[in-house]
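Asker: For reference, the chains in residue letters:
2 protein chains.
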Amino acid sequence: MSGNNSIDKAKLADQLLIAVENNNIDHIQDLLSHLVAEEIAEILESSPIKVRQVLWQQIDSDKQGEILTHTNDEVKSNLLETMQPHEIVEIAEDLQTDDIADIAQSLPIHDQKTFLASLNEDDRNAVETALTYPEDTAGGLMSTDFISIRADVSLDVVLRYLRTLGAIPESTSELFVADRDGKYIGSLKLTHLLTHDEDTLVADILDQSLPAIRAFTPEKDVAHLFEKNDLISAAVINENHIILGRITIDDVVDIIREEGEHAQMASAGLDEDEDIFAPAARAAKRRTFWLGINLLTAIFASIVIGLFDASIEKIVALAILMPIIASMGGIAGTQTATIVIRAMATGKLGRSNSRSLLIKETTVGLLNGLIWALLTGTAVFFWFSDWSLSLIFAFALMINLIAAALAGALIPLFLQRMKIDPALASGLMLTTVTDSLGFFVFLGLATIVLL
Amino acid sequence: MSGNNSIDKAKLADQLLIAVENNNIDHIQDLLSHLVAEEIAEILESSPIKVRQVLWQQIDSDKQGEILTHTNDEVKSNLLETMQPHEIVEIAEDLQTDDIADIAQSLPIHDQKTFLASLNEDDRNAVETALTYPEDTAGGLMSTDFISIRADVSLDVVLRYLRTLGAIPESTSELFVADRDGKYIGSLKLTHLLTHDEDTLVADILDQSLPAIRAFTPEKDVAHLFEKNDLISAAVINENHIILGRITIDDVVDIIREEGEHAQMASAGLDEDEDIFAPAARAAKRRTFWLGINLLTAIFASIVIGLFDASIEKIVALAILMPIIASMGGIAGTQTATIVIRAMATGKLGRSNSRSLLIKETTVGLLNGLIWALLTGTAVFFWFSDWSLSLIFAFALMINLIAAALAGALIPLFLQRMKIDPALASGLMLTTVTDSLGFFVFLGLATIVLL
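As given, the protein sequences belong to chains A and B, one line each in that order. Going by the UniProt record's numbering, 202 is the number at position 202 of the first sequence; the sequence numbering is gapless. Going by the UniProt record's numbering, 254 is the number at position 254 of the second sequence; the sequence numbering is gapless.
Any given hint might turn out to be false.
One copy or two, either will do: identical chains are not told apart, so a pair holds if it fits within one copy or between any two.
[Unchecked claim] Listed below are the simulated SDA-like cross-link pairs for lysine to any residue, each with C-alpha atoms no more than 20 Å apart in a straight line:
#: 1; residue 1: 220; residue 2: 156
#: 2; residue 1: 11; residue 2: 69
#: 3; residue 1: 228; residue 2: 186
#: 4; residue 1: 228; residue 2: 416
#: 5; residue 1: 285; residue 2: 35
#: 6; residue 1: 220; residue 2: 148
#: 7; residue 1: 285; residue 2: 37
#: 8; residue 1: 314; residue 2: 449
Derived by calculation from the structure, the hints in this document are not laboratory data. Predicted, not measured: the structure shown is a model, and the values here were computed from it.
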């Protein structure tokens with residue numbers, strides 16, 4: 001087992017690319033045969049579209065299904081587009097029902113109907129149930145392959161039953177215990193099943209502390225429940241407590257990874273499902289919207305500068321120095337906003353502590369404002385040999401750093417209350433404040449004092 | 001089970017704060033008694049330091065240990081500072097050895113020795129072994145509570161052995177199979193143990209495909225292995241293949257969460273372990289360094305502006321428009337850099353596809369450059385009624401957007417090759433390029449053409 005996992009992967013991707021360029025089918029097949037589904041999925045995601053499609057054609061159809069369960073939504077759609085309806089049904093057949101439902105959701109609406117109609121009855125029913133729940137809820141995540149037992153039997157009955165079944169679904173760490181109507185009562189951990197006497201009743205050792213999850217619970221809360229209770233799997237129930245399915249930790253790991261990536265991508269106006277090799281025109285179209293919004297905020301800052309054009313004409317040093325004030329404010333505000341956004345995303349910011357956080361951040365802004373006003377004020381004096389200018393610069397910088405801290409804390413809180421994603425919109429609003437205010441205070445003071 | 005997990009938590013935190021303010025000990029105790037360790041850890045992390053310490057004193061010492069395993073490093077140190085050495089030993093005694101090692105690592109060096117000396121021999125040996133591995137490797141993550149069996153016994157022997165043990169460590173999904181010397185041979189999944197006949201030999205159904213992880217494997221690679229193979233737990237081995245311990249999925253979930261937060265926090269020069277209620281002076285000290293580096297890049301941009309002071313004096317519109325060019329370049333570059341940094345972090349960017357990505361991103365930059373040059377050039381004409389100025393502006397904007405795409409892709413790749421964290425340093429280097437180049441092209445062209 002090598003520690004250089006990611007380096008090996010990059011090398012393999014290189015070799016695959018060369019094999020694709022040389023149209024060396026045997027070599028492609030050979031390289032692919034050494035990889036598990038998740039690794040092939042990663043290589044597909046990181047391949048330019050043409051290479052991706054050549055590779056996809058070389059993958060055995062009995063492997064394609066599992067690979068699709070590991071690709072992100074955009075790449076999944078991209079690969080499905082290249083396939084015939086009957087091929088899609090074929091690869092879906094071996095998958096768990098939650099993964100079949102994912103494939104159904106990645107198809108255009110009219111293909112979805114044909115696809116569902118082609119499934120066998122059991123799968124179709126399970127998939128149709130899954131599709132009644134939004135993709136980002138427990139119901140949309142669950143698979144229907146779970147084992148449920150009754151509470152009034154002894155462990156040796158359970159053990160015999162499991163041997164009769166011959167196989168237990170992957171990632172099973174507990175059996176669900178249900179009553180006569182299929183209502184969830186609790187769980188029997190496999191570890192308890194293995195350490196208690198065979199004549200013990202299930203009812204005596206069943207664990208009622210493990211939560212069952214309602215089908216409409218948002219995926220983010222599902223992840224929190226798993227983390228809080230160190231779960232490996234959990235039952236999903238409907239409003240009548242009937243067990244519908246099961247969520248396993250591997251689904252939760254995906255949610256947590258996406259959650260982490262969301263904040264990073266959203267702050268640049270990007271989607272965490274973005275295909276890195278989306279066609280340039282499609283990528284440009286998406287990003288141009290974000291640039292347009294940014295332009296509006298930049299124009300606003302320019303208008304503020306325009307208010308003081310007469311002053312700049314007389315003292316050109318103002319134009320030279322003004323970007324420093326805006327830039328420092330932007331950085332300081334981003335630091336505060338990043339902390340606040342993360343605290344909110346992890347549910348750590350409520351009414352009780354947001355005031356304390358605001359006070360702390362403003363104090364940090366004040367301290368940093370004092371330090372940098374002193375240092376840069378001195379530097380400006382040596383640069384332009386003008387005491388008044390350096391004092392005005394220092395004062396404007398300090399004001400902007402304090403305002404940046406306040407805005408960095410208040411803007412995400414405000415956006416959350418407005419039900420706007422703070423990770424997406426905070427950065428732009430913050431820069432609007434720090435740029436415009438920075439320019440206004442600096443140029444305004446200079447106009448009053450120096451002219 | 002409510003779906004409003006985070007709202008409930010915020011409410012509870014509010015109630016706790018009020019109880020602390022009113023010094024209502026009974027109410028604090030009552031509220032805390034309804035929470036599991038992970039929830040209390042989150043509330044401690046999200047409480048201002050004074051509240052945190054009052055709450056900590058009200059928590060039973062037999063709960064404190066487990067709570068500490070869920071707090072981040074900085075909060076853990078902060079809480080340990082308030083405790084007596086014998087109290088720390090007391091709460092550590094019930095923990096798994098990996099968590100005891102974490103506590104040891106959070107203590108100042110001289111306290112660490114006393115702490116280790118006070119542990120019982122078994123724990124001390126296990127902790128000292130763990131401490132020989134860096135915290136962010138498999139050896140630093142592992143706990144030593146695993147069950148290993150021999151390959152030449154039948155399943156009924158294993159089942160009897162487990163019943164004799166009476167308990168199996170948490171998150172156990174498989175037993176490790178070792179030879180006479182303790183060398184790892186493979187794993188026996190509990191689900192296989194439960195579905196095969198009792199007279200089957202372990203050797204016949206042991207799974208050799210599950211990887212054992214070398215103790216020095218970096219935690220990032222550990223997480224990839226778990227994700228790739230959908231593992232619940234895995235054996236950690238030394239260079240002689242002797243089993244040293246076990247890593248479980250709950251540790252891996254923490255790694256994945258931290259990985260996700262790293263990119264977000266690092267781009268603002270922050271650490272993902274940052275205590276949101278660190279004392280203001282300490283927080284200011286850390287952030288001031290980042291502001292200082294940013295100042296250098298801002299001064300560099302100002303010097304570029306200073307080169308053209310004569311031009312600005314004559315055409316003040318240049319000073320009004322120049323921030324727009326810098327700002328649009330910064331945003332476009334950040335979009336590209338964010339995509340590249342994420343692709344690198346997930347191991348998706350190698351030699352084979354970085355050229356394709358560079359071409360794609362530059363094309364996106366060119367397309368967006370054309371669109372916005374056209375739109376903003378027109379807007380500038382209506383604002384200043386000057387064809388030459390608007391053409392120069394449009395041209396400079398287009399150049400800067402293309403350069404931003406190039407820089408956004410190349411800077412993270414360059415930093416990675418230099419072994420500098422791209423998530424940390426890309427943003428600043430990128431802004432230096434987009435600001436300075438934007439100012440230079442715009443003001444330089446204007447100077448040549450208009451004056």
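Asker: For each hint given before, does the structure comply? Return the numbers of the non-compliant ones in rising order.
Answerer: 1, 2, 4, 5, 6, 7
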